[in-house]
Structures are given as C-alpha cells and as structure tokens.
Amino acid sequence: MTSALPEWLETRQQAAKQRYEETPKPKRGDEQWRFANIKQLNFENLSGEAGEVDQADLIKRSTGLDQTVAKFVFLNDEVISAESSVPEGVICLPLAEAFTKHPELVEKHFMQRETLLGSAKYAALHEASVKNGLFVHVPEKIEVEGTIEVHHWVSGGVTTFPHTLVVTEKSSKVRVMDIFRSVDEQTAGLAIAFNDLCAGQNSSLDYIALQGLNEVSRIISINETSTHRDARAKGFILNTGAAWARNESLSRLEGPGAHSDMLSVSLPDHEQEYDQRTHQHHVSEGAYSDLLYKNTLYGHSKTVFSGLILVDEKAHHTDAYQTCRNLMMTDDCEANSMPGLEINADQVKCSHGSTSSQISDEEIFYLQARGIKSDQARQLIARGFSVDVVQRLECEQVESLILRFADEKFARAASV
Amino acid sequence: MSFQETASAVLDEDTQDAINIDRSKGDFKFPERNKFDAGWGLSSKTVDYICDVKQDPDWVREFRHKALAVFESKPMPTNWATKDLENIHFDKIRYYLSDGEKPKRTWDEVPPEVLETFERLGIPEQERGFLAGVEAQYDSEAAYSNVKEELSKQGVIFVTSAEGLKEHEEIFRPYFGKVIPTGDNKFSALNSAVFSGGSFIYIPKGVKLKQPLQAYFRINSESFGQFERTLIIADEGAEITYMEGCTAPKFETTTLHSAVVELVALKGAKIQYITVQNWSSNVFNLVTKRGLAMEDAEVRWIDCNIGSRLTMKYPGVVMKGKGARGEVISIALANDNQHQDTGAKMIHAADNTTSNVVSKSISVGKGRSTYRGQVFIPKHLKGCKNNTECDALLINSKSRTDTYPAITVKGNRHATQHEASVSQVSEEMLFYMQQRGLDEGQAMSLAVNGFINDLVREFPMEYSVELKRLIDLEMEGSVG
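Residue numbers (this note's numbering), protein chains in the order written: chain A, 1 to 416; chain B, 1001 to 1480.
I should point out that these hints are in silico values taken from the structure, not numbers from a laboratory.
The beta carbon of each residue, even a glycine, is placed where N, CA and C say it ideally should be.
Estimated spans, in silico, between C-beta atoms of each pair:
(1) B:S1397 x A:Q368: 52 to 62 Å
(2) A:E396 x B:K1074: 50 to 60 Å
(3) A:P24 x B:K1074: 15 to 25 Å
(4) A:S400 x B:K1382: 30 to 40 Å
(5) A:E104 x B:Y1432: 47 to 57 Å
(6) A:D407 x B:Q1434: 55 to 65 Å
(7) B:S1397 x A:S400: 39 to 49 Å
(8) B:Q1417 x A:E185: 33 to 43 Å
(9) A:N42 x B:Q1417: 28 to 38 Å
(10) A:E396 x B:S1397: 40 to 50 Å
(11) A:G384 x B:E1072: 47 to 57 Å
(12) A:N45 x B:S1044: 43 to 53 Å
(13) A:D388 x B:G1155: 52 to 62 Å
(14) A:G384 x B:W1080: 30 to 40 Å
Could you put the whole structure together from the sequences, leaning on the hints where they help?
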C-alpha cells in the first residue's frame, strides 16, 4: 500500500515525522496539561506485538446499529470488512484507498490545521504514521440518510492511528460513527486517533465517537471541526473505556449562521482518567456554539475538563455557551474543571457554567419511597443525568446504541 | 445614588469640571529628597543596604537573602500570564527610597510636602471623619502612623511592618511568611527580599473595631518599586475592617508595586480587607494576598481595581478551620492600555467550609480584563461549598475579556458551582434611556453603574461614592 502513496502525502509524512521528533514532550507546568497525568504519555511499555485474532469472529462482534448505510471494520488500521450502500456520488472509502483514488480531494482537507490544544506532538506522530481510516465526501445537495458506522479494533500492544475525514459540501448531510474497542481485556494498546470534520455551507454533519477500549489501553483523540455558513455540526463523544483518554476537540465557526454542538458523556470508574480539552473558536461573526459535557465519576476515577470559548476580534454577535457538569458518585473520585472565556469582540452573548456535586439524599429518598432500592435509584439518576446529553443527537437509533454502551458501564460500575 | 443624581452628575458642567480636576488628583509629584537610596537594580548588596538602613535583626537579613535567591531562581510566569511581564526591567528600578525619618504620630510633624501630598489625597480629613487609625506610606517608608488612643489601650497594635518585627517579634514572627511563603511565586519572593513599609496589625481577643483602619500607599519617585508587606492578625473573636488606597503620579517609565499581604483570622474572627487600587497607568501592580481562616472565622477580600498598566492579583483564602468562610468580591475596570488580571483562590482545608467569589469586570476601549480563579476541595473533607460568579461587561468593539477558572473537587460530599457571563450594554437599553432624555454617554454610565451596583454596596459609604465617581470618570468618552 505504501508504494502507491501520492507524493504530497509522502512529503507531508516526512515533515510530520521531523516535527514529531523536534516537538518537545509535554511537561509539568504546561498550561495545556494542567491537572493532567503526564506519565500517561510514556508509551515505551507497549509490547509492540499484535495479538492473534479470529477475524470472522471479530466481524461478528462488531455490532452497532441495526441498520447502517455503510459499515467498516478495521483491525489495527487494516480493513477486515467493508459494506457500503451510500447514494451515488458520495465517496465513502477506507482512507488508504482514498489517498490513491481521490488524492486532490483528500489533500485539500487532510489535517490542514495546527493542533492547538496540547497534543501537537502526537498529531504530528499521527500524520507521520497514519495508514488508514475512513474518508467520506458528500457532494452538494446530497443527503445521506442513516449512519455510516466504523469499528476500530485494537489488538495487542500496538499503536494504531485511526483517521476519520468527513467533508460535506453545500447543503448536504451525513452522520458518521466511530466505535473504538479492544479485542481483549488484558492487553495494553494505544490509539492516536484524529478526525477532521468539514461542514460546508448549509450542510449538516453529525459525528459520534464511542470509546470503549479495555481498561489498560490509552487513547489520544483529536478532533478538528470546521463549520461554514449556516452549516450545522454535531460532535459527540462517549467515554466508557480506556485507562486514560485524552480528547481534544476544536470547533471553528467560520461563517455566519454556523452552528456547532459539542457533546460528551463520560463514565469513568476504577482508576480511569479522562482528560478533555475543548476550544469553541468563533472566527466568524453571527455564529452559534453550544458545549455540554457531563461526567459521572465512580471509583477512584479522575476527570479534567478544560474548555475555552475564543471569540475573535471581528466575530461580533456571537452566541457561545459552555457547560460542564460532574456527578460525583464516590468519595474517591476527582473532577477538575477549567471553563474559560476569551472574548475580543462586541455584541457577544457568552456564558459558561461548571458544577460538581453528588446526588442528594432527598432524591434517593424520593425514589426509595416509591419502592426503588437505593443502588438502583442512584443508577437511575446517573443515567438520567447522561440521557439529557444523548438526546441532543435527535436520532433514536443512535441514542439507543449509545445508551446500550452506557448501560453496560453503569451495570459494571454498580456491581462493584 | 438615585437616577436623577447620576443623570445630573454627568450633565452638570460644574461637575464635569470637578471631575476634570479629580482626574489629576493623584497625578502630581514633589522633588525627591531621599536620604537613603538603594540605587538601581537588585543584588545581594541592595538587600544588605536595605537591612543596614532599616537595622533589621539578623533573622530578617537571612530571610531576605534567601528570598533573593528564590526570586532569581524562579522564571517569569509567562507560561500562563501575559507577556507584558517581560517589559519589567528589574535593573532599571530603584528598590528603596526614604528620607530616613521615623513615621510620625501626628500630621504636624510630617514633612510639609508629604503632608501636602496626603492632604490633597484627603487622608487626614478622612481620618478625622471615619477612621480608627491611618498609616500613610510615601515611597519605601511610612510617613505617618497613628491609631486612636482608646484602641491602643485595648491592646490594638497598628504599626509599620518594621516596627512590628522589632517591637512585637513574639506575635509577628510566628505568622510572618507563613500564609504566603517566600517561594509562593516570583513576586512574593521579590517582596520578601526587599520589603519595606506596610502595616502590622494585631487585634486582641474579642475586640471588635467599629471603624476601619486605613493605609494609603503613595509612590512619589520615578522608576521606583514599592514593596510593602502587611500582616494582620485578628485574635479569637476579633473583628477588623482594613482599607487600603493607592496612587502614583504618571511617569513615562515603569513603576513596580509588588506587595505581600497576609491575614490571619483566628477562631471566630472576622477580617475584611478593602482595596481601591487606582495606580497611574505606568504601574505594574503584582500583588500576592492571602488570608488564613481558622475555625468559624471569616476572611473577606473586597477588591476594586481601576488603575495600573497591568494588575495581577488573586486574593485567596485558606479555610483551615471547620466552618471557616472565605469571600472575594471584585470589581475591575480596564480602560485603554490596561490589563486587569484579577481573580480569587479558595483553598478548602477543613470540613463545612464555604467560599464565595463574585467578580465583575468592565472592559472599555482597548482595555482587557481577565478573571483567573482556583477552587480546591480535597477528598478527605465533607460539606464544602463554593459558589463562583463572574460577569464581564464589554463596552467597545475593541474591548477584551477572558475567564480562566480552575475547579478541583475530590469526593462526593461537596458542592461547587461556577457561572460566568459576558455581555454588553445593549442597543435597546441605551435607546430606552435616551428616549427618556439621557444622552448616550449618560445612559452608558448609568448602565455600567447598574451592572456593578450590587457590589459597590459592599464598600463603605465613603468609598462607594468615590467609586461611582471614578467609574463615571473612567467611562467618559467611551461611547462613539
């Protein structure tokens, strides 16, 4: 496959490799890594050996939505299954194929922005190492009904570089869902994932990531979303798995009327750490962004949320909102919130809020009075707390899949 | 202040004139007549010079030298703070200037130009009016320090820090540098090395001061650094309100003000510390302020920042005893070429401690205001609560505001909430007021005063009137 890579990509990969080597590793005291556990960036302990996998069995295990418009299964960045019935004109291909079949189109959108939220070094490593992923291009006025579902399996102690590049042209529509999982429960793997989302004028782009790696693996996932005039982009992240997950989501609002929703539900337990950094970057005037992140913390888990609403000088008439809520389920969990605002424009409506609290005894008592046991009551309230975010996706099928993943986690958290 | 009064205050020409005189109120200076001058730049020689002039005890000399080493070893905090800090040239600053006189107990003994300085700033008048005691600092040393006789009889100590560390070592030393250790940050280390002036206050058990104590800090000399050091100890059940004001003439060169203020509120004590900061726009104001609140004690910082080129100030409260309470009320007004980087630090270190932060900032013209906050609640505690509210008002299209809070909560027995909003005076609001006969400037001024009104009320009467006037003044010409 590598022999057929277009020249521009080879050049960029070489440059990226150099950038990776030259960029210093994040260290304590870096503002973008405040409260972070820098030790998680020591990747030397990975075994480097891909495990033995029964591919047919893995394809069977790759369950998601009942109905999909396309479904891909990747094992350590290799395609092991691909089905697609996307409308004519829509490109929906593994990235490795797209590199050679649609080089210009891919080049135009592939990793065009600087990574600003702290993982520039790992974005460079991703760019230098990426082999595969998914490329979706929806031409003007085509609406893809349903969901494109992509399974990314990590097997063994390897590093994978899954990439998702989605481009919607004017007045088009698509929804893409990535599901990250580990083949087994005991081998520590690493995923350095990147997704580029580009919502063209008046288009609608939904992106959903379900992260359910095993609890010894780690993941860095970097998201770059550009939303153009009157377009609507929705990004959703569910974190249930991994020992450590770092999500960096940057949404650029590039045209008036652009609308970006940034959503996340995280359910950490045991020693899990989720570190989420976000930017709502209002480049254009008259755009709207709304972020809602909710964490329900069990065990000794820890979350970091650092969000910034950045309103550029000319981005007047901006509406931007940001909310991070932490539900503390045990006495040993820890939530760090850094909701930030940088406003350089006028006629702006911005707000952010962050709360951390536990379920009140009254709420439990209320449910107990109705015959629900206190354990169940707690789970019910925690679920309701998360459902609120999931419902913002406005697609029943997708919502119920996300809740299926979430419920599995709730059940495990409750059983300990 | 009623609607009518505000309207007429802006309308009336006489008032305008009065305001114009007021604008230059702090902007005057007298020739320097320093007997002691540590010269330019900072080295261990400077520290020794200060020690010699002040006749510091050996433990203070040692403390200063250690602090200097810490200052030199610490980098500028530009990894998170503004790059403007790089414009401070530590070798182009004079670290100690004084006329060698001891602080006077009556204004009559104060040298004439120093007296005139404080007369023009209205200090003796205020003292007669509503203050229990005053300390007035001129460059490095206090020129005047007095407290009402009946208070001294009750055992209230209100002296300069130099006097405190010599005359009251047994109370001073155990707390000095304990709330804010030398190495807390680069500027607390700098202060620890070269501190001079500031107050030492001790309020004995159960004594409740009805009137505030006041300190006024005046910089007269160019390219000077003022490093006062204040330590206030309120013994069990004591109550005190302390106010500080400050001004400096406007110079072309930069002036540095870097204070350290430590408050200790023992069981059940209450300390309220009020600052109205109106430095001229060439002053870097980099101040470390922190209070320690023991069981059921309360520390309140009421902070208003109007002046300076760059202010970095995050008053903090360490709630070390059960049921302790911390509060920061902050108003910041950033005008053209000003950066008000203010905030609050709330460290919960005991059960059932509560903290409250309310911050309002206004950015006018090209002004920039920043809120930085830290709230920390460790896991072994229960029943801790924090509430934080930050509201920012942007007046012009070039105005800028940032908010960077950091909240850490461990465990499930606490509650925190943080809220921030950014808004501006809407066209509709201005239009509504203009329809009722106000011009645009008056309407804007009224809206701004409305925005901060609930916080202004937290200041003592005399200050809140002054504050509203200052804000009217700063807002002048900000429209159109």
